[in-house]
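We have chain L; now place chain C onto it with these hints.
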Amino acid sequence: MDYKVQVGVQSHLEQMGPLDDRTMEDLDDECLFPSEMDAQKTQSVDPNQHISVSGSLPFNGNKMTRNGVYKSIKTVVFSNKLNLLMPFGPLAILVHKMTDSNGWVFFLSLLGITPLAERLGYATEQLAFFTGPTVGGLLNATFGNATELIISIYALKSGMKRVVQLSLLGSILSNMLLVLGCAFFCGGLVYHGKEQVFSKATAVVNSGLLLMAVMGLLFPAVLHYTHTERHVGKSELALSRFSSCVMLLAYAAYLVFQLKSQTDLYVPLGEEVNQNGENLDNNDDDEDEAPEISKWESIIWLLIMTVWISILSDYLVDTIEGASDAWDVPIAFISVILLPIIGNAAEHASAIMFAMKDKLDISLGVAIGSSTQISMFGIPFCVVIGWMMGQEMDLNFQLFETATLFITVIVVAFFLQEGTSNYFKGLMLILCYLIVAASFFVHEDPPTDDQSKQPGT
Amino acid sequence: MDYKLQVGVQSHLEQMGSLEDRSMQDLHDECLHSPETDARKNQTTYSNEPLPFSDGRLPAGCNNMIGHGVYRSIKTVVFSNKLNLLMPFGPLAILVHKLTAHNGWVFSLSLLGITPLAERLGYATEQLAFYTGPTIGGLLNATFGNATELIISIYALKSGMTRVVQLSLLGSILSNMLLVLGCAFFCGGLVYHRKEQVFNKATAIVNSGLLLMAVMGLLFPAVLHYTHTERQYGKSELSLSRFSSCVMLVAYAAYLVFQLKGQNDLYAPINEENLDDDDDDDDDDDDDDDDDEAPEISKWESGIWLVILTAWISILSDYLVDTIQGASEAWDVSIAFISVILLPIIGNAAEHASAIMFAMKDKLDISLGVAIGSSTQISMFGIPFCVVIGWIMGQEMDLNFQLFETATLFITVIVVAFFLQEGTSNYFKGLMLILAYLIVAASFFAHEDPTSANEKKQP
Chain L
1 MDYKVQVGVQ
11 SHLEQMGPLD
21 DRTMEDLDDE
31 CLFPSEMDAQ
41 KTQSVDPNQH
51 ISVSGSLPFN
61 GNKMTRNGVY
71 KSIKTVVFSN
81 KLNLLMPFGP
91 LAILVHKMTD
101 SNGWVFFLSL
111 LGITPLAERL
121 GYATEQLAFF
131 TGPTVGGLLN
141 ATFGNATELI
151 ISIYALKSGM
161 KRVVQLSLLG
171 SILSNMLLVL
181 GCAFFCGGLV
191 YHGKEQVFSK
201 ATAVVNSGLL
211 LMAVMGLLFP
221 AVLHYTHTER
231 HVGKSELALS
241 RFSSCVMLLA
251 YAAYLVFQLK
261 SQTDLYVPLG
271 EEVNQNGENL
281 DNNDDDEDEA
291 PEISKWESII
301 WLLIMTVWIS
311 ILSDYLVDTI
321 EGASDAWDVP
331 IAFISVILLP
341 IIGNAAEHAS
351 AIMFAMKDKL
361 DISLGVAIGS
371 STQISMFGIP
381 FCVVIGWMMG
391 QEMDLNFQLF
401 ETATLFITVI
411 VVAFFLQEGT
421 SNYFKGLMLI
431 LCYLIVAASF
441 FVHEDPPTDD
451 QSKQPGT
Chain C
1 MDYKLQVGVQ
11 SHLEQMGSLE
21 DRSMQDLHDE
31 CLHSPETDAR
41 KNQTTYSNEP
51 LPFSDGRLPA
61 GCNNMIGHGV
71 YRSIKTVVFS
81 NKLNLLMPFG
91 PLAILVHKLT
101 AHNGWVFSLS
111 LLGITPLAER
121 LGYATEQLAF
131 YTGPTIGGLL
141 NATFGNATEL
151 IISIYALKSG
161 MTRVVQLSLL
171 GSILSNMLLV
181 LGCAFFCGGL
191 VYHRKEQVFN
201 KATAIVNSGL
211 LLMAVMGLLF
221 PAVLHYTHTE
231 RQYGKSELSL
241 SRFSSCVMLV
251 AYAAYLVFQL
261 KGQNDLYAPI
271 NEENLDDDDD
281 DDDDDDDDDD
291 DDEAPEISKW
301 ESGIWLVILT
311 AWISILSDYL
321 VDTIQGASEA
331 WDVSIAFISV
341 ILLPIIGNAA
351 EHASAIMFAM
361 KDKLDISLGV
371 AIGSSTQISM
381 FGIPFCVVIG
391 WIMGQEMDLN
401 FQLFETATLF
411 ITVIVVAFFL
421 QEGTSNYFKG
431 LMLILAYLIV
441 AASFFAHEDP
451 TSANEKKQP
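If you read the protein sequences in the order shown, they are chains L and C.
Everything in the first sequence is counted per the UniProt record's numbering, starting at 1 for the first residue and increasing by one.
Everything in the second sequence is counted per the UniProt record's numbering, starting at 1 for the first residue and increasing by one.
Next comes chain L alone, as it looks inside the complex (with noise of 0.2 Å):
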């Protein structure tokens, strides 16, 4: 969580570079020109973004609100080369409406919220830094995934619980093996005379949480296959509502460890970022001041993303049963490994390219603290929130997807126990990722479990 933190202030800092073009900022001027974003500065300058503003400083009050606006809308829409995604949102909406092409629908949703889950992490980063490092450290705790929340909550609510649980785990997979493989060999490549390193203590808790949400996850499991629940059907339901209890208060003990531990190492944070060449006297002097945009903005806009995104989550939730029938590649597969590789676009990238300045901590933090989050806040919370709507949604995953997850979650953890990395143990996470991708693709769900989807909701 610190890691988000870390992750929200260098991407921040990152951001900063294209609005070059449109320089709103004066005083962010010495941040402006590390190396590594004056690619990205000749990158953004797209023809079809509009700079009407460039130049002008407002400083009359009635003309404030209308400028401030637009800076927002710069900020927070064209900062990002992503956001180019952003037009596939409301196309595909256009398309459901004209055609009845669900694996196209199905498509465009997808690729339109990947820059939506971006900006909505974007967006509770900036809240992050005027609510304080022990709100900010629980907003970045709880929002860091939600986009896969709400794709989850409305699948719950039309009844297709598999689906929740095949999405859900495959972000914990693809987060484990794909992102974390791709930053250790794209780091390794780079930095290939040594091995880097990274906090030990820190990949080790997060392992012994993700054993513990394997564990939490194998008991309903093996209860139900081995038939020998006591009230077939409900015992499972009941142990797997108390055990999601269970980890949702791991999950709370964990962070209240994380924050206690460090809150005396926030402050210095900040120094830390100077010390690597960015000035950020924003952030220590004046909190009002938003790193780029205001507290009231951020919550605004962070309002917005999660509306849009609920918006195409419905499209996308709607049509996957659509898309599979038309390509011809079953549910689990599209739930497992398609979505949760294109929605995780944004963190996949960020991971990599942190680890190729061999900031390993921050790639960690990303790709593990994610699937920790998801293991042990994410599913438990889709359980309780099954429970209150009254769906069936419960820890069983069945028996192939939890020996998948059990045989993952011992293989990361039992390369991270080192606290090393190279090219090679990267190299074999993404070969790992193939084996996984290709066994569920040729794996069918059993439809005993199946809900179709429930109209009216």
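Incorrect hints may appear among the rest.
[To be verified] Mimicking DMTMM-like on lysine to aspartate or glutamate, the simulated pairs with C-alpha atoms at most 20 Å apart in a straight line are:
1. LYS361/C x GLU196/C
2. LYS194/L x ASP361/L
3. LYS98/C x ASP322/C
4. LYS195/C x ASP362/C
5. LYS201/C x ASP362/C
6. LYS157/L x ASP318/L
7. LYS200/L x ASP361/L
8. LYS235/C x ASP328/L
9. LYS201/C x GLU422/C
10. LYS200/L x GLU422/C
11. LYS158/C x GLU396/C
12. LYS158/C x ASP362/C
13. LYS261/C x GLU195/L
14. LYS235/C x GLU444/L
15. LYS201/C x GLU418/L
16. LYS201/C x GLU229/L
17. LYS235/C x ASP362/C
[What the hints assert, rightly or not] Reference excerpt, derived from the structure (chain L facing chain C, CB under 7 Å, subset only):
18. ALA252
19. MET428
20. PRO446
Everything labelled a hint here was simulated from the structure, so no lab data went into it.
Just so it is clear, the structure is predicted and the values come from calculations on it, not from any experiment.
For each residue, glycine too, the CB sits at the ideal point set by N, CA and C.
Relative to the frame of chain L, chain C by itself:
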């Protein structure tokens, strides 16, 4: 793999000691009186070994050279190792097979006959590795290190006995990881019972990681099949196995690249390291000075012996695979038990002995290389290679080792990975590994393979 090279150098130095009686090489006189070879000296003067060329005759005439070269080569390769006493069992097996129909005897005789050949094959490979430089040498060791198991497996595949292939490779992995390693730790720990022996943790962890990845590759087809969740029943699992095998082979190739790149600079000091450690004896000038003059046999000799030994092993493997079913009926033990427990133990005897020997000399890294390196090789190269060979042959060899065997491999890899992660060893760890192997062996004794009843040798 560097372990294998070290093993090559070490075992070469060991075996040179036993050449004393037939001292053909003056250059190595200094290494003839090390304490650990004195005992062997006394033991190797057997009366039943023909010694047509008694000590002291060093023919220098050219016209005698070739004939003497052949004799010398045969002596070096064939007569220099105690284990080669078992060599006559090979032809004896063929004889028994032709005379009687007693499958049990033929099986055990061919098994005993293969054992020395396997050891000599490893020896020839190491000799050849001296001439080919570190890179190719490492590759040679990495590929042919377990050539015997691969040859037996290919013959079994040709006969359509895919289950025997799976079981024998699995048994090789289990016996290397538990029995060989356990004995090495145990004996080394007894000899050095005051201190804890240490080994290179990094390599052990990399190997454990590879073993875990192999388990992952094996687990998915088995779970897929067992939960009846394949898309196309019977076909999906086979294509998944073939895809996973290719991925595993790529991973193994990457591992070799990673090893070789990271140790190019480490090869030269290996000789000096050995010179430092073996205080009294070994004069290893040949290796450093002149690559053409073999430590024992020349490049062409090692190549020729490689071919000869491979041919011999193939012949005996054919008999082995033919008679395994008859032996199983004759002795009233399941084929699974023979394939998983008996075959690897006896076939692997030489590696077993060398691992124990190195552990007792506090060279635990080499023991680990022999044991765990062999397991890694079989699991990440041998098994996928057999799947691909089966694919080429049209046999349906897949990675679904059935649930019992996959679970056994899984728990074993976890146990061993856990034991290795500390980087130290003592006799208790060794004892625990050996006892774990006893449990595994007992399980397989009581285990009846559900599929073996359906498999008959296809003519």
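Going down the list of hints, with the structure as the test:
1. LYS361/C x GLU196/C: holds, 13 Å
2. LYS194/L x ASP361/L: holds, 16 Å
3. LYS98/C x ASP322/C: Holds. LYS98/C to ASP322/C sits at ~13 Å (cutoff 20 Å).
4. LYS195/C x ASP362/C: Distance ~11 Å between LYS195/C and ASP362/C Cα, so the pair holds.
5. LYS201/C x ASP362/C: holds, 15 Å
6. LYS157/L x ASP318/L: Status holds; Cα separation ~11 Å.
7. LYS200/L x ASP361/L: Within the cut-off at roughly 9 Å; holds.
8. LYS235/C x ASP328/L: With Cα atoms ~17 Å apart, LYS235/C and ASP328/L stay inside 20 Å; holds.
9. LYS201/C x GLU422/C: holds, 7 Å
10. LYS200/L x GLU422/C: holds, 15 Å
11. LYS158/C x GLU396/C: holds, 11 Å
12. LYS158/C x ASP362/C: Not satisfied, since the Cα-Cα distance of roughly 43 Å exceeds 20 Å.
13. LYS261/C x GLU195/L: holds, 14 Å
14. LYS235/C x GLU444/L: holds, 13 Å
15. LYS201/C x GLU418/L: holds, 10 Å
16. LYS201/C x GLU229/L: violated, 44 Å
17. LYS235/C x ASP362/C: violated, 50 Å
18. ALA252: violated, 31 Å
19. MET428: holds, 6 Å
20. PRO446: holds, 6 Å
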